[in-house]
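Q: Let's have the full structure, built from the sequences with the hints guiding it.
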Amino acid sequence: MLLALAVLVVLLLAWAAFTLTRLRRLAGRVDRAWVTLEGTLARRAELADAVAREHADELGPLRADALRSAAAAARRPSGGDREVAENALGRLVRELPEPLRAPELDDAGWRVGLARRFYNDAVRDTRALRRRPGPRTLRLHARRPMPRFFDIDDGLDAVVGTGPAGRG
1 MLLALAVLVV LLLAWAAFTL TRLRRLAGRV DRAWVTLEGT LARRAELADA VAREHADELG
61 PLRADALRSA AAAARRPSGG DREVAENALG RLVRELPEPL RAPELDDAGW RVGLARRFYN
121 DAVRDTRALR RRPGPRTLRL HARRPMPRFF DIDDGLDAVV GTGPAGRG
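Numbering (my numbering), first residue to last: 1 to 168.
Don't take each hint at face value.
So the derived label-pair ranges between C-beta atoms look like this [what the hints assert, rightly or not]:
# : residue 1 : residue 2 : range
1 : Trp15     : Pro97     : 55 to 63 Å
2 : Ala16     : Gly39     : 30 to 38 Å
3 : Gly134    : Gly60     : 58 to 66 Å
4 : Glu95     : Arg143    : 39 to 47 Å
5 : Ser78     : Gly134    : 13 to 21 Å
6 : Glu104    : Ala14     : 17 to 25 Å
7 : Asp153    : Arg25     : 29 to 37 Å
8 : Val7      : Arg91     : 29 to 37 Å
9 : Ala6      : Asp125    : 15 to 23 Å
Because the hints were derived from the structure by calculation, they are not lab data.
Quick reminder that beta carbons are idealized off the backbone N, C-alpha and C, glycines included.
A: See below:
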């Protein structure tokens, strides 16, 4: 009886160690995906600002100022609501006339969609593991905040369907 109890304790400890290692790896994956997503968002904001500066005459003063303001707000969102600022910038970028939209800006938009998808996949996997009964009961990773999804309207359906190569 004592041997069976010892084997059960060893198995429980092995499972807990395996699960904790998995949670740490998922946390690292979320962190790396967030850094990548932030980089792509910053790149898109820089390119949008450059288009607003270089084509201010063709865009008109109102549209150029709106694009510059949206790019600045996306870099430093007020109130911490980054998703709202990124949605505003994305909407303005998509409304740019085709001849004024730089190919790099379109590419940055595709990259934002892909980076967001990778980040949200990592968040989904982490949340799913942390919500299982075992990790919840043993409070594995309980001190780390639960990661949040990053939801913006970036045309992700188009990214999944065709990708940059399918644009023609």
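Q: All the hints need checking, so say for each whether the structure fits it.
A: Hints, verified against the model:
With their beta carbons about 58 Å apart, Trp15 and Pro97 fall inside the hinted range of 55 to 63 Å. Checked against the given bound of 30 to 38 Å, the beta carbons of Ala16 and Gly39, roughly 35 Å apart, stay inside it. Distance hint for Gly134 and Gly60: a CB-CB separation of about 59 Å, consistent with the stated range 58 to 66 Å. For the pair Glu95 and Arg143, the supplied restraint of 39 to 47 Å holds, since their beta-carbon distance comes to about 44 Å.
Checking the proposed 13 to 21 Å range against Ser78 and Gly134 shows it is violated: the Cβ atoms sit about 41 Å from each other. Roughly 50 Å separates the CB atoms of Glu104 and Ala14, a value that falls outside the hinted 17 to 25 Å. Taking the beta carbon of each, Asp153 and Arg25 are about 31 Å apart, inside 29 to 37 Å as hinted. Remark: the range hint 29 to 37 Å for Val7 to Arg91 is contradicted by a beta-carbon distance near 60 Å.
The hinted window of 15 to 23 Å between Ala6 and Asp125 is violated, with their beta carbons roughly 33 Å apart.
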